[in-house]
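**Q** Please put together the full structure from these sequences, using the hints given.
Protein sequence lines correspond, in order, to chains A and B.
Sequential numbering from 892 applies to the first sequence in our numbering.
Sequential numbering from 892 applies to the second sequence in our numbering.
These aren't lab readings, by the way, just hints derived from the structure by calculation.
Take these hints with a grain of salt, some might be off.
Calculated Cβ distances over 12 Å to all of chain A for the following chain B residues [unchecked claim]:
id, residue
1, Ala943
2, Ser1040
3, Asp1156
Straight-line alpha carbon distances no greater than 25 Å define the calculated DMTMM-like cross-link-like pairs of lysine to aspartate or glutamate that follow [said to hold, decoys possible]:
id, chain 1, residue 1, chain 2, residue 2
4, A, Lys952, B, Asp971
5, B, Lys952, B, Glu1205
6, A, Lys952, B, Asp991
7, A, Lys930, A, Glu901
8, B, Lys897, A, Asp996
9, B, Lys952, B, Asp971
10, A, Lys923, A, Glu934
11, B, Lys1044, B, Glu1054
12, B, Lys927, A, Asp996
13, B, Lys927, B, Glu901
14, B, Lys952, A, Asp991
15, A, Lys952, B, Glu992
16, A, Lys930, B, Asp996
17, B, Lys930, A, Asp996
18, B, Lys952, A, Asp996
19, B, Lys952, B, Glu968
20, B, Lys952, A, Glu901
21, A, Lys927, A, Glu901
22, B, Lys952, B, Glu979
23, A, Lys952, B, Glu929
24, A, Lys927, B, Asp996
25, B, Lys952, A, Glu992
26, B, Lys952, B, Glu929
27, A, Lys897, B, Asp996
To list a few chain A residues with every Cβ distance to chain B over 12 Å, as calculated [unchecked claim]:
id, residue
28, Arg902
29, Glu929
30, Pro964
31, Gln1000
32, Glu1020
33, Glu1023
34, Asp1070
35, Ala1088
36, Ala1124
37, Glu1155
38, Val1194
39, Leu1208
Glycine included, each C-beta is placed from N, C-alpha and C at the ideal position.
Protein chains: 2
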Amino acid sequence: MPVTLKDVAERAGVSRSAVSRTFTAGASVSAKTRRKVEKAATELGYSPNALASSLTTGRTKLIGLISNNFHNPIFLEVFDLFTRGLQERGLRPLLVNLSDEVAPDNSVQMLRQYSVDGVVVASSTLPPEFAEAFRSAGIPVVHSFGRYSSSPKVHVVGIDNMECGRIAARALVDRGYDDVGFLGGPERATSTQDRFAGFREEMLRHPQARTRHSFATAYSFQAGRAEMQRLIAEGPAQAYFCGDDVLSIGALSAVRDAGLRVPEDIGILGLNDMEMAGWENINLTTIRQPIRQIIRSSIELVVAMLDEPDRYPEARLFPCSLVERGTLRPLS
Amino acid sequence: MPVTLKDVAERAGVSRSAVSRTFTAGASVSAKTRRKVEKAATELGYSPNALASSLTTGRTKLIGLISNNFHNPIFLEVFDLFTRGLQERGLRPLLVNLSDEVAPDNSVQMLRQYSVDGVVVASSTLPPEFAEAFRSAGIPVVHSFGRYSSSPKVHVVGIDNMECGRIAARALVDRGYDDVGFLGGPERATSTQDRFAGFREEMLRHPQARTRHSFATAYSFQAGRAEMQRLIAEGPAQAYFCGDDVLSIGALSAVRDAGLRVPEDIGILGLNDMEMAGWENINLTTIRQPIRQIIRSSIELVVAMLDEPDRYPEARLFPCSLVERGTLRPLS
DNA sequence: ACGCGTTTTGCAACCGGTTGCAAAAGCGGA
DNA sequence: TCCGCTTTTGCAACCGGTTGCAAAACGCGT
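**A** So this is what it looks like as structure tokens:
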């Protein structure tokens, strides 16, 4: 049923090699045969089998895209940017939803079976060991939104979460809050730990301010709302730096439902600057994570590794910046 | 570098066929050789190359997952459900982001090159012809969230958009609104057209009520907000059935910014019941589209077509139902 | 028309598996 | 132990391409 190289060769009256060569860039074919082959190919509706050729070339142009964040709206933006970026370079994303599993073994095995050229782990909650498992298996890997480490074993592209924590602390202090809280995401996520460490470190430099902290059970609306309700019940701080935007939105809803005003009674500072944060009915002051750049850089890195698999691992960090909207009181 | 069938065969002291057979279910191998092979395989860390085998078996277990909706939060839920559902059955989603293109040709060609076993088109805005192009190319295809047609050329799984329009109209009339509007998504989307047709049809049965309509430029927050601002400026209806939830949320924000109350001054009815619609700070009354069932059914259908490629095309429609929340006045 | 260097071509082996077929091995009964 | 039947095994061809190599064709100068 499907038309193969052989069919085209016969029709064009040339050898199979000739056909193969007209379809591989930079191969030696005369203009005459190329014409004959192309004619035959279009007549038959031929298109080469990418998987068969991968057998000999060792390249599939498949890239595993692994994530466990299928409930945070910002990841729709992430998937959009990744798929477009990969497609632009002729690469194909093989999507892996890791929602339940924790061990990398299955994914490694599966992606090896499909001979992916490389893997992007897009997650801020997976531990570094996860990405490292791919490296051990000899698969080029980039961990996007991963934890910064001074001695990374795999390529990491993302932000400096500690610095983010510091920026957040400074933003709150600068606005005159002297009783502030860190409302983190799940405590075991590396991103939470690092943001908290940075936040605390900076707050230590401002001993006049009281600092507290607690953690939500997930990066989700409901978790943020529930935790903020608890905090309000026991007497809240003046402002909170929340784990991420969706958590912040949950927190916001709790604050407003309690009859308190934002930012007058309680200030909220998010992180990510996802599209929704800019919606007029949310209007969240937040720290912007440059996801476009992170993703572009991740793709560039994984592409670079195709030619240079043992490239020395590096950490690429992008600066974050405050986006001023309506949930923190203005600078005085 | 990678360990192959041959390596295992040599180590186990058997033929390559023997190794192949131990890894294919239902093949004839004695317990003794199976043991030998398995031992050798684990020692070498062998895992079979799925692409090489696809060459002879004709099955890749790859499923193309095509969408052009990378900006509507409900599609994150859709991708989550699709990837999980496919993975559970040992299938691998090859994700295609169709954001810019309109013609199916490139996607068809590309997915043919990768020998996908089947394709799911997950989009409420792509025309039926798009999915049909895959069928013509001999690739099993299911159009999820596609347009219902009484004589479908490809399998369609989704809802009866006309019936949705009727349900919406009835919901508004039953609540005593007598000046109602249809605030649709993009006019060229088949889903918009059908919902409008159903809505209008039902409203014709209630001539006491005034009916109007207009269209937003996209299924998006900003489009919904902008259109609602325009409507308010020129004097709004009492209630609107909006194209979908995200459009509704945009409309809501415009209503509230204009100092009007919901549902007292203007009622809003959405469609989809995405997770966010249930957030307490949104609390949107909406028509629930059973996406779990739609996706499960889509997967079942595409799986069924693997064994029966010429299966007679059918339309599978799931009923929608009203989810009562806070943006329409209660039944009187 | 001839010779030489360059380009183009086809052959055949190979990528990593699968599978029909015939031969070999295993098994139970006499 | 031998026979006949069933199960297991290996051979070899094949899936749809790619590629090194040697032979053929070409271009060009004389």
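**Q** If a hint holds in the structure, say so; if it does not, say that too.
**A** To see whether the hints hold, each was checked on the structure:
1. Remark: the non-interface label on Ala943/B conflicts with the geometry, its nearest Cβ contact in chain A lying 6 Å away (cut-off 12 Å).
2. Remark: the non-interface label on Ser1040/B is consistent with the geometry, its nearest Cβ contact in chain A lying 27 Å away (cut-off 12 Å).
3. Here Asp1156/B stays apart from chain A, with its beta-carbon at least about 16 Å from theirs, past the 12 Å limit.
4. About 24 Å separates the Cα atoms of Lys952/A and Asp971/B, which keeps this hinted pair within 25 Å; it holds.
5. Between the alpha carbons of Lys952/B and Glu1205/B the distance comes to roughly 23 Å, so the proposed pair stays at or under 25 Å and holds.
6. Simply put, Lys952/A and Asp991/B have alpha-carbon atoms about 21 Å apart, close enough for the 25 Å limit, and the pair holds.
7. With a CA separation close to 12 Å, the supplied pair Lys930/A and Glu901/A stays within the 25 Å bound.
8. As the CA atoms of Lys897/B and Asp996/A are separated by approximately 24 Å, the hinted pair is consistent with the 25 Å bound.
9. A distance of roughly 18 Å separates the Cα atoms of Lys952/B and Asp971/B; the hinted pair therefore holds under the 25 Å criterion.
10. Taking the CA atoms of Lys923/A and Glu934/A, the gap is near 17 Å; set against the 25 Å cutoff, the hint holds.
11. Our distance criterion of 25 Å between C-alpha atoms is met by Lys1044/B and Glu1054/B, whose separation comes to about 21 Å.
12. This hinted pair checks out: Lys927/B and Asp996/A have alpha carbons roughly 23 Å apart, not beyond 25 Å.
13. Between the alpha carbons of Lys927/B and Glu901/B the distance comes to roughly 11 Å, so the proposed pair stays at or under 25 Å and holds.
14. Taking the CA atoms of Lys952/B and Asp991/A, the gap is about 21 Å. The hint holds against a cut of 25 Å.
15. Distance check on the hinted pair: Lys952/A and Glu992/B sit about 21 Å apart at the alpha-carbon level, within 25 Å; holds.
16. With a C-alpha separation of about 19 Å, the suggested pairing of Lys930/A with Asp996/B holds against the 25 Å cut-off.
17. Taken as a hint, the Lys930/B and Asp996/A pair is honoured in the structure, with Cα atoms around 19 Å apart against an allowance of 25 Å.
18. Of the pairs offered as hints, the one joining Lys952/B and Asp996/A holds, with about 20 Å between alpha carbons and a cut-off of 25 Å not exceeded.
19. Our distance criterion of 25 Å between C-alpha atoms is met by Lys952/B and Glu968/B, whose separation comes to about 23 Å.
20. A hinted pair counts as satisfied when its Cα atoms are at most 25 Å apart, and Lys952/B with Glu901/A does not qualify at roughly 31 Å.
21. Proximity of Lys927/A to Glu901/A is assessed by CA-CA distance (about 11 Å); at most 25 Å being required, the pair is judged to hold.
22. Of the supplied pair hints, the one linking Lys952/B and Glu979/B holds, its CA atoms being roughly 12 Å apart against a limit of 25 Å.
23. With a C-alpha separation of about 31 Å, the suggested pairing of Lys952/A with Glu929/B is violated against the 25 Å cut-off.
24. For the hint linking Lys927/A to Asp996/B, the alpha-carbon distance of about 23 Å falls within 25 Å, and the restraint holds.
25. A hinted pair counts as satisfied when its Cα atoms are at most 25 Å apart, and Lys952/B with Glu992/A qualifies at roughly 21 Å.
26. For the given pair, Lys952/B sits about 24 Å from Glu929/B by alpha-carbon distance, which is consistent with the 25 Å threshold.
27. For a cut-off of 25 Å, the pair hint linking Lys897/A to Asp996/B stands: about 24 Å separates their Cα positions.
28. For Arg902/A, the condition that its CB be more than 12 Å from all CB atoms of chain B holds, with the nearest at approximately 19 Å.
29. The non-interface label for Glu929/A is consistent with chain B: the shortest C-beta to C-beta separation is roughly 15 Å, beyond 12 Å.
30. At the 12 Å boundary, the C-beta of Pro964/A falls inside the reach of chain B, the nearest C-beta of that chain being 5 Å off.
31. Distance to chain B contradicts Gln1000/A as a non-interface residue, since its nearest Cβ pair spans about 6 Å, not more than 12 Å.
32. With a closest Cβ-Cβ approach of about 18 Å to chain B, Glu1020/A is found to remain outside the 12 Å limit, as its non-interface label requires.
33. Residue placement check: Glu1023/A keeps its beta carbon more than 12 Å from all beta carbons of chain B (closest about 17 Å).
34. Chain B leaves Asp1070/A outside its interface by the beta-carbon criterion, the shortest separation being 25 Å against a cut-off of 12 Å.
35. Remark: the non-interface label on Ala1088/A is consistent with the geometry, its nearest Cβ contact in chain B lying 30 Å away (cut-off 12 Å).
36. At the 12 Å boundary, the C-beta of Ala1124/A stays outside the reach of chain B, the nearest C-beta of that chain being 16 Å off.
37. No beta-carbon of chain B is positioned within 12 Å of the beta-carbon of Glu1155/A; the least distance is around 18 Å.
38. The claim that Val1194/A is not at the interface with chain B holds, since no C-beta of that chain comes within 12 Å of its own (minimum 18 Å).
39. Non-interface call for Leu1208/A relative to chain B: holds, since the shortest CB-CB distance, roughly 26 Å, exceeds 12 Å.
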